[in-house]
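Here the protein sequences line up with chains A and B, keeping their order.
Heads up: the first sequence is residues 1 to 285, going by the numbering used here.
Heads up: the second sequence is residues 1001 to 1285, going by the numbering used here.
Worth flagging that the hints you see were computed from the coordinates, not collected in a lab.
Heads up, some of the hints might be wrong.
[Unchecked claim] What follows is a list of derived Cβ distance ranges for each label pair:
1) B/T1061 x A/K226: 34 to 42 Å
2) B/G1129 x A/W229: 35 to 43 Å
3) A/L264 x B/K1147: 43 to 51 Å
The model shown is predicted, which means the values in this text are computed figures rather than measured ones.
Virtual Cβ for every residue (Gly too), placed ideally from N, Cα, C.
There are 2 protein chains.
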Amino acid sequence: MAINRRSFIKSSAAGALMLSAGALGTACTAGRPASGKDVAKADKFHLSAAGYTFVKFDLETALKTLQKADVHYLCIKDFHLPLDAGDEQIAAFHAKCASYGVTGYGVGPIYMETEEEADRAFAYARRVGVKVLVGVPSYGILPYVDKKLEEYPEIKYAIHLHGPDIDIFQTASVIWDKVKDLNPRLGMCLDIGHDLRGGADPVEDLKKYHTRVFDMHFKDESEASKAGWCVEIGRGMIDFPALVRMMREVGYDGMCSLEYEKDLDDPFMGIAESFGYLKAVCDMA
Amino acid sequence: MAINRRSFIKSSAAGALMLSAGALGTACTAGRPASGKDVAKADKFHLSAAGYTFVKFDLETALKTLQKADVHYLCIKDFHLPLDAGDEQIAAFHAKCASYGVTGYGVGPIYMETEEEADRAFAYARRVGVKVLVGVPSYGILPYVDKKLEEYPEIKYAIHLHGPDIDIFQTASVIWDKVKDLNPRLGMCLDIGHDLRGGADPVEDLKKYHTRVFDMHFKDESEASKAGWCVEIGRGMIDFPALVRMMREVGYDGMCSLEYEKDLDDPFMGIAESFGYLKAVCDMA
């Protein structure tokens, strides 16, 4: 048993990763490279981190943490790379990420209520060279964002849902209703914690709305209501085995970005426990 | 799905634990209290830590780390509580552990080659008030240890197996052959990593020898050979789902003590990832 095939593949893959930051994974378990021998585990999605998890820390600390956790993707927040960053600063940013085996796969969440803010966000996403823009638009700016997507055929715009704490885009169904008749690249970042706190079922919502789910924020919640607070993945109310099975069922091929909002001053053990739990779920689900 | 029964129980249990260090768990997931409604998950074993994991750190750091990981049992090493500790020092030690919701469940590993060293270890275990003494005896002292157990009816003596690095007690089968005709309370601490590195199968060995498995050291290994080194649980060669299923099959009711020997100067994220992985395995196996 001990030397089972999958463990062997995982182990050699992990070794390979240490040698090559380029060999970024296609298996969900922390971005370990998929193996032709291991098709069942060659998930299309990847574990990653939302920049906000490191709101109290500089980029280097974030990257060292992801390297330690064997996680290889980061959604870029503006406190790590400002919205007005030029090409040189952006190139240096990507080089630094690569030196830790990390790829900045998207930008955001970026708030936008005016056309200028939308223009700036789209131009930033293109300069950074990412395919996913996680946005927090006002309802009023949505038609303009829809129009912008025609100028940016490489970009998917993922509206971040915020749960019951604010009065717009609370859950996946609210976003769906707003975008279902707009550009097919206008969709959502399914924040499973906020969706749950909004009274929805993130697993069912992924099933219903997956054609417009372009990014996901992973976390766990102490309660399935507005009273819920972020806890380590596995300690809360979200059924992660069911979620991972659904991600596979619908062929989700985006990122699962840990947005760990507990202990923001010292999140490191919580981040590691959360990824450890997720890796096991991906191995077993 | 999100509000599934088990998650709900886990969640409320976690809350309860924060309030009561006394409510130590019977479910394997980080010692969360078992619930009458949650019999399936009311495992007889507990997640815990081997003191050696914190060889570079003081007791307080070890306890804070376990509290953060929601783990509630510690096997006491002499660098945290010396072998000559008196009753007052021992009482203060237990009080400090209790203030973090942690119970010192055993002592060791303690090396012993002479009768004096064996006498001292047994007297220490009794003063500390634990039921498990993890020992590293020489072959020569074994008959004396066997005799000592008659004076110490409350103690189970768990010989720590060391794998291929040394020439005695390499694997579970070696220990079994040495103790099978001796006192039934003379058994082993099944170190699954060293057992694997010794060419054995820890899952099969637990099945064969469980009647004399009184403690377990948990870790993962990069290779199933002497060349293997300790890695975060889930990244290596050990099949933890099979191991947890076997622990349940044989009714293992001891501790699963993480002995994390990687990054001893900064083991915290590795500890948390390992416990996170184990919690998911216990939830899903």
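Hints and how they fare:
Checking the proposed 34 to 42 Å range against B/T1061 and A/K226 shows it holds: the Cβ atoms sit about 36 Å from each other. Taken as a hint, the range 35 to 43 Å holds for the pair B/G1129 and A/W229, whose Cβ atoms sit roughly 38 Å apart. The supplied range of 43 to 51 Å is broken by A/L264 and B/K1147, whose beta-carbon atoms lie about 57 Å from each other.
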